[in-house]
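Student: Listed below, chain by chain, are the residues.
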Amino acid sequence: MAKINGKEVSEAKGKTVGRYIEENGYKKTYIAVEINGAILPKAEYESRIINDEDIIEIVNFVGGG
Amino acid sequence: MTKNEFINALKERHGAEIYEKLINSRAAVAGLGGLGSNVALALARAGVGELFLVDFDCVDITNLNRQQYDISDIGKPKTIALAQRIRAVNPIIRIKRKKIKVTENNAAELFCNYNIVCECFDKAENKAMLINTLLTSHKDFTVVSASGMAGYDTGNTIQSRRINDHFYICGDMVSGIEKGMGLMAPRVGICAMHQANTALRLMLGEKDV
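Residue numbers (our numbering), protein chains in the order written: chain V, 1 to 65; chain W, 1001 to 1209.
Hints should not be assumed to be uniformly reliable.
Computed Cβ-Cβ distance ranges for the label pairs, DEER-style [to be verified]:
#1 K1076(W) with E53(V): 48 to 56 Å
#2 N5(V) with I1100(W): 28 to 36 Å
#3 S10(V) with F1006(W): 58 to 66 Å
#4 I1061(W) with P41(V): 37 to 45 Å
#5 R19(V) with I1007(W): 52 to 60 Å
#6 E22(V) with N1164(W): 42 to 50 Å
#7 K7(V) with R1094(W): 39 to 47 Å
Derived contacts from chain W toward chain V, CB cut-off under 10 Å, selection only [what the hints assert, rightly or not]:
#8 A1016
#9 G1036
#10 A1124
#11 A1128
#12 N1132
Derived from the structure by calculation, the hints contain no laboratory data. All of these numbers come straight from a predicted model, not from anything done at the bench. Note that CB positions come from ideal geometry on N, CA and C, so glycine has one too.
Construct the complete structure from the given sequences, taking the supplied hints into account.
Tutor: As structure tokens, this is what we get:
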């Protein structure tokens, strides 16, 4: 099962990263997605399909500095 | 005070080995607001050899509540005002500065001489842009970022996290200005010191948080 932000997520398998982040309410311009230790380029969000072995971290930025 | 007296004072405090590592280190600070002005000053006080200060903005009256500027700085470019402040506490540091807006088109080139980049922007989309641009650029950047430091909730929720060897992030990850919380000196300062400490640890070879 894919692990996303530390939790095993059964419904992620087979979806593109783009679809998963949209379904989970993330705004594409506010996030960075790391898969298995590397940042996924934004251009690959719609083509990269999540599989069972993936360990994914979605970093959602909030404003302030 | 002579430069040698300053150097000897740093060596006495930190030990010669740490002094040498830090004086031969450099970092870039992207954004010179509440985070960046504090990060840069902390690194300068610690004896880091070179800082690259980047911001497009000038000091505004609304910055005084949390940023390391004073009334006489209002209207000056932040790059110039902060460089003056830094030189007043560290006479030997090399300061490079650029008054420019960082974009996905110029970021990788702009920071190419700096392995450590502190992301100190205020807008969420600019933070994400810098991370995504630098960490997919095939250059050897390590970014120390920040997210979540608004308001006056407990300071104990602000932490340093390592996402991977090239991506560290400090903050509580949730307290954003979008929720209507203002930015106040203590929590912004705590977060900035987490960033500065993480950057310092990287310079000293410590990769854990």
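Student: Evaluate each hint against the coordinates.
Tutor: Status of the hints after comparison with the structure:
1. K1076(W) with E53(V): 48 to 56 Å: About 53 Å separates the Cβ atoms of K1076(W) and E53(V), which means 48 to 56 Å holds.
2. N5(V) with I1100(W): 28 to 36 Å: Hint holds: Cβ distance 34 Å, inside 28 to 36 Å.
3. S10(V) with F1006(W): 58 to 66 Å: holds, 60 Å
4. I1061(W) with P41(V): 37 to 45 Å: holds, 40 Å
5. R19(V) with I1007(W): 52 to 60 Å: holds, 57 Å
6. E22(V) with N1164(W): 42 to 50 Å: Hint violated: Cβ distance 24 Å, outside 42 to 50 Å.
7. K7(V) with R1094(W): 39 to 47 Å: Given range 39 to 47 Å: holds, Cβ gap about 45 Å.
8. A1016: violated, 35 Å
9. G1036: holds, 7 Å
10. A1124: OK, holds: A1124(W) within 10 Å of chain V, min 4 Å.
11. A1128: A1128(W) check passes; min Cβ-Cβ to chain V is 5 Å, inside 10 Å.
12. N1132: Cβ of N1132(W) sits 5 Å from chain V, so the hint holds.
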